[in-house]
Amino acid sequence: MTIYILSLIFAVVWVAITGSASLLNLVFGFILGSLAIWVVRGEIGVSGYVGRLGRILSLLVLFFKELALSAWKVAVLVTRRDMDLKPGIFAFPLTVDRDMEITLLANLITLTPGTLSVDVSADRKTLYVHAIDCSDIETTKREIAEGFERKIMEAFR
Amino acid sequence: MIETLFALVTAILILAGAAFALVAAIGLNRLPDVYTRMHAASKAGTVGSGLLLLAVGIHSGDISTLARALAGFLFFVLTAPVSAHLLAIASRRAGYSLCDRTVVDEMKN
Numbered sequence: 001m002t003i004y005i006l007s008l009i010f011a012v013v014w015v016a017i018t019g020s021a022s023l024l025n026l027v028f029g030f031i032l033g034s035l036a037i038w039v040v041r042g043e044i045g046v047s048g049y050v051g052r053l054g055r056i057l058s059l060l061v062l063f064f065k066e067l068a069l070s071a072w073k074v075a076v077l078v079t080r081r082d083m084d085l086k087p088g089i090f091a092f093p094l095t096v097d098r099d100m101e102i103t104l105l106a107n108l109i110t111l112t113p114g115t116l117s118v119d120v121s122a123d124r125k126t127l128y129v130h131a132i133d134c135s136d137i138e139t140t141k142r143e144i145a146e147g148f149e150r151k152i153m154e155a156f157r
Numbered sequence: 158m159i160e161t162l163f164a165l166v167t168a169i170l171i172l173a174g175a176a177f178a179l180v181a182a183i184g185l186n187r188l189p190d191v192y193t194r195m196h197a198a199s200k201a202g203t204v205g206s207g208l209l210l211l212a213v214g215i216h217s218g219d220i221s222t223l224a225r226a227l228a229g230f231l232f233f234v235l236t237a238p239v240s241a242h243l244l245a246i247a248s249r250r251a252g253y254s255l256c257d258r259t260v261v262d263e264m265k266n
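As they're listed, the protein sequences go chains A and B. Note that the numbering used here numbers the first sequence so that position 70 is 70, with each residue one more than the last. To convert a position in the second sequence, counted from 1, into the numbering used here, add 157.
Hints are supplied without guarantee of correctness; some may be wrong.
[As the list claims (entries may be wrong)] Taking lysine to aspartate or glutamate pairs in the EDC-like style, the calculated list, with each CA pair at most 16 Å apart, reads:
{"hint": "1", "chain 1": "A", "residue 1": "Lys86", "chain 2": "A", "residue 2": "Glu154"}
{"hint": "2", "chain 1": "A", "residue 1": "Lys125", "chain 2": "A", "residue 2": "Asp136"}
{"hint": "3", "chain 1": "A", "residue 1": "Lys86", "chain 2": "B", "residue 2": "Asp262"}
{"hint": "4", "chain 1": "A", "residue 1": "Lys73", "chain 2": "A", "residue 2": "Asp133"}
{"hint": "5", "chain 1": "A", "residue 1": "Lys125", "chain 2": "B", "residue 2": "Glu263"}
{"hint": "6", "chain 1": "A", "residue 1": "Lys125", "chain 2": "A", "residue 2": "Asp97"}
{"hint": "7", "chain 1": "A", "residue 1": "Lys125", "chain 2": "A", "residue 2": "Asp99"}
{"hint": "8", "chain 1": "A", "residue 1": "Lys86", "chain 2": "A", "residue 2": "Glu138"}
{"hint": "9", "chain 1": "A", "residue 1": "Lys141", "chain 2": "B", "residue 2": "Asp257"}
{"hint": "10", "chain 1": "A", "residue 1": "Lys86", "chain 2": "B", "residue 2": "Asp257"}
{"hint": "11", "chain 1": "A", "residue 1": "Lys141", "chain 2": "B", "residue 2": "Asp262"}
{"hint": "12", "chain 1": "A", "residue 1": "Lys65", "chain 2": "A", "residue 2": "Glu143"}
{"hint": "13", "chain 1": "A", "residue 1": "Lys125", "chain 2": "A", "residue 2": "Glu101"}
{"hint": "14", "chain 1": "A", "residue 1": "Lys86", "chain 2": "A", "residue 2": "Asp123"}
{"hint": "15", "chain 1": "A", "residue 1": "Lys86", "chain 2": "B", "residue 2": "Asp219"}
{"hint": "16", "chain 1": "A", "residue 1": "Lys86", "chain 2": "B", "residue 2": "Asp190"}
[Said to hold, decoys possible] Label pairs and their calculated CB-CB ranges:
{"hint": "17", "chain 1": "B", "residue 1": "Phe233", "chain 2": "A", "residue 2": "Ser58", "range": "20 to 30 Å"}
{"hint": "18", "chain 1": "A", "residue 1": "Leu8", "chain 2": "B", "residue 2": "Ile220", "range": "31 to 41 Å"}
{"hint": "19", "chain 1": "A", "residue 1": "Ser58", "chain 2": "B", "residue 2": "Leu235", "range": "45 to 55 Å"}
{"hint": "20", "chain 1": "A", "residue 1": "Lys125", "chain 2": "B", "residue 2": "Val239", "range": "20 to 30 Å"}
{"hint": "21", "chain 1": "A", "residue 1": "Asp123", "chain 2": "B", "residue 2": "Asp219", "range": "25 to 35 Å"}
{"hint": "22", "chain 1": "B", "residue 1": "Phe233", "chain 2": "A", "residue 2": "Ala145", "range": "37 to 47 Å"}
[Stated by the list, open to error] Listing some non-contacts, in silico: residues in chain B with all C-beta distances to chain A over 12 Å:
{"hint": "23", "residue": "Met158"}
{"hint": "24", "residue": "Ile159"}
{"hint": "25", "residue": "Thr161"}
{"hint": "26", "residue": "Leu162"}
{"hint": "27", "residue": "Ala164"}
{"hint": "28", "residue": "Leu165"}
{"hint": "29", "residue": "Val166"}
{"hint": "30", "residue": "Thr167"}
{"hint": "31", "residue": "Ala168"}
{"hint": "32", "residue": "Ile171"}
{"hint": "33", "residue": "Leu188"}
{"hint": "34", "residue": "Tyr192"}
{"hint": "35", "residue": "Ser199"}
{"hint": "36", "residue": "Gly252"}
By construction, these hints were calculated from the structure, which means they are not laboratory data. We put the CB at the ideal spot given by N, CA and C, even for glycine.
With these hints in hand, go ahead and build the complete structure from the sequences.
Given below as structure tokens:
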């Protein structure tokens, strides 16, 4: 669901326009944005707005944990005397099929340890991922599928 | 007391941020091809600049500056993977090959 992102964008725009970047104003902007979306709810199809917030937050927590881990891994890797590289590109079969979910998954993959999304196949069934350590592709694939992809499904379905 | 604490946290954040930025730069130099370099730039770079922004926000002691710093970090997180992805696909289309230590390539050209 793009509604939260929309609300967030509205909130940021609100802050930019009013020119006071306080946290309170951001929250106010978010509420205003949500209200504005609520007005046009018939056009864009809104359902289960509040119940999703928890699952989206849990996705966010997972993301920041992975981001920190990922930066640490890169740091350890490049400061070693002999860099233990087994780079390669593997094909990840996508379960999510909406554009927005694929985009989100690709971005999350890029910011997680050792993986970087390169391209989506034309039929949107495969994501090509560059990994810095391709010694165990199956495990990496399973981790993505059971981690981010499952969380995205939970949060946006 | 509380000021010392803030100063300490700010100092730690700045040092950590600078360290990650340095690591990103080292990575860009040492890694063998454009794809592996993107790993260093997009991850260590994002975290490094994020920590520095956070340090600025906390040091200011002002909630509106902190909010702006956090917004900056958010946009970093939003844009870094997109640019890394675009650079990767562009270099792929332009014909930059993977380095010779590459073990697998399941992507058809």
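Each hint tested on the structure:
1. A:Lys86 x A:Glu154: violated, 33 Å
2. A:Lys125 x A:Asp136: Violated, because 22 Å separates the two Cα atoms, which is more than 16 Å.
3. A:Lys86 x B:Asp262: With a Cα-Cα distance of about 11 Å, the restraint between lysine 86 of chain A and aspartate 262 of chain B holds, given a limit of 16 Å.
4. A:Lys73 x A:Asp133: holds, 11 Å
5. A:Lys125 x B:Glu263: Holds. Lysine 125 of chain A to glutamate 263 of chain B sits at ~14 Å (cutoff 16 Å).
6. A:Lys125 x A:Asp97: holds, 7 Å
7. A:Lys125 x A:Asp99: Answer holds: lysine 125 of chain A to aspartate 99 of chain A is near 11 Å, not above 16 Å.
8. A:Lys86 x A:Glu138: holds, 15 Å
9. A:Lys141 x B:Asp257: It is violated: about 23 Å lies between the C-alpha atoms, which goes past 16 Å.
10. A:Lys86 x B:Asp257: Within the cut-off at roughly 10 Å; holds.
11. A:Lys141 x B:Asp262: Judged against 16 Å, a Cα distance of about 15 Å means the pair holds.
12. A:Lys65 x A:Glu143: Given pair lysine 65 of chain A, glutamate 143 of chain A holds - Cα atoms ~14 Å apart, limit 16 Å.
13. A:Lys125 x A:Glu101: holds, 12 Å
14. A:Lys86 x A:Asp123: Roughly 28 Å between the alpha carbons, so the hint for lysine 86 of chain A and aspartate 123 of chain A is violated.
15. A:Lys86 x B:Asp219: violated, 46 Å
16. A:Lys86 x B:Asp190: holds, 12 Å
17. B:Phe233 x A:Ser58: 20 to 30 Å: holds, 22 Å
18. A:Leu8 x B:Ile220: 31 to 41 Å: For leucine 8 of chain A and isoleucine 220 of chain B the Cβ distance comes to about 18 Å; the hint is violated.
19. A:Ser58 x B:Leu235: 45 to 55 Å: Violated, at about 19 Å.
20. A:Lys125 x B:Val239: 20 to 30 Å: holds, 21 Å
21. A:Asp123 x B:Asp219: 25 to 35 Å: The hint (25 to 35 Å, Cβ to Cβ) is violated, given that aspartate 123 of chain A and aspartate 219 of chain B are roughly 50 Å apart.
22. B:Phe233 x A:Ala145: 37 to 47 Å: For alanine 145 of chain A against phenylalanine 233 of chain B, whose Cβ atoms are near 27 Å apart, the range 37 to 47 Å is violated.
23. Met158: It holds; methionine 158 of chain B is separated from chain A by about 25 Å at its closest Cβ, greater than 12 Å.
24. Ile159: For isoleucine 159 of chain B, whose nearest Cβ neighbour in chain A is about 20 Å away, the distance exceeds 12 Å, so it holds.
25. Thr161: holds, 25 Å
26. Leu162: holds, 21 Å
27. Ala164: holds, 22 Å
28. Leu165: Given that every Cβ of chain A is farther than 12 Å from that of leucine 165 of chain B, nearest at about 20 Å, it holds.
29. Val166: holds, 16 Å
30. Thr167: Label holds. Min Cβ-Cβ 19 Å, cutoff 12 Å.
31. Ala168: holds, 19 Å
32. Ile171: At roughly 16 Å from the nearest Cβ of chain A, isoleucine 171 of chain B sits farther out than 12 Å, so the non-interface label holds.
33. Leu188: At roughly 7 Å from the nearest Cβ of chain A, leucine 188 of chain B sits no farther out than 12 Å, so the non-interface label is violated.
34. Tyr192: Incorrect as stated: the minimum Cβ-Cβ distance to chain A is 5 Å, not above 12 Å.
35. Ser199: Violated: least Cβ distance 6 Å, not greater than 12 Å.
36. Gly252: Holds: least Cβ distance 14 Å, greater than 12 Å.
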